[in-house]
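Chemist: Numbering (full-length UniProt numbering), first residue to last: 1 to 126.
Hints listed in this document are in silico derivations from the structure and should not be mistaken for laboratory results. As the structure is a computational prediction, the values presented were derived from the model and not from experiment. Don't take every hint at face value.
Cross-link-like lysine-lysine pairs, in silico, DSSO-like; alpha carbons within 27 Å at most [to be verified]:
#	residue 1	residue 2
1	34	24
2	97	34
3	34	58
4	5	58
5	97	5
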Amino acid sequence: MADRKCLALIAHDQKKDDLAAFAKANEAVLTGWKIVATGTTGGRVLDICPGLDVSRLKSGPLGGDQQIGALIATGDVDCLIFFVDPLTPMPHDVDVKALMRLAIVYDIPMALNRATAEQLIDFRRN
Numbered sequence: 001m002a003d004r005k006c007l008a009l010i011a012h013d014q015k016k017d018d019l020a021a022f023a024k025a026n027e028a029v030l031t032g033w034k035i036v037a038t039g040t041t042g043g044r045v046l047d048i049c050p051g052l053d054v055s056r057l058k059s060g061p062l063g064g065d066q067q068i069g070a071l072i073a074t075g076d077v078d079c080l081i082f083f084v085d086p087l088t089p090m091p092h093d094v095d096v097k098a099l100m101r102l103a104i105v106y107d108i109p110m111a112l113n114r115a116t117a118e119q120l121i122d123f124r125r126n
């Protein structure tokens, strides 16, 4: 993953379509990235953007969040876009918090909604 920047994509269930639409709107920029995503999120992104280089990991509740966390800890993820649904309780909330903690500890840019994701992509585009 060292030759290209790596972007991690995650979305809560109610935000998966929003993240897929974000990927479609930014497909030209994202073609230059290596993308890792939790299972269902990665599938939705690939459905709408089949040309992107997306590696699907496990579903978030089944360990995908931790897989992305491990990639952050090893320096293999350069930024994280995680569309969070603040209105739906998450049974694996501790996993989500651990992932966000790693992004902060390893000082990688992290966007939690579309507005910040757009800013992150615009910044990384230059």
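Chemist: Run every hint past the structure and note whether it holds.
Modeler: Consistency of the hints with the structure:
Between residue 34 and residue 24 the CA atoms are separated by roughly 15 Å; this keeps the pair inside 27 Å, and the hint holds. The suggested pairing of residue 97 with residue 34 holds, with an alpha-carbon distance near 24 Å, which does not exceed 27 Å. Of the pairs offered as hints, the one joining residue 34 and residue 58 holds, with about 17 Å between alpha carbons and a cut-off of 27 Å not exceeded. Proposed proximity of residue 5 and residue 58 is supported: the alpha carbons are some 21 Å apart, at most 27 Å.
Between residue 97 and residue 5, the direct Cα distance comes to roughly 24 Å. Compliance with the 27 Å bound is thereby established for this hinted pair.
Violated hints are absent here; each numbered hint is respected by the structure.
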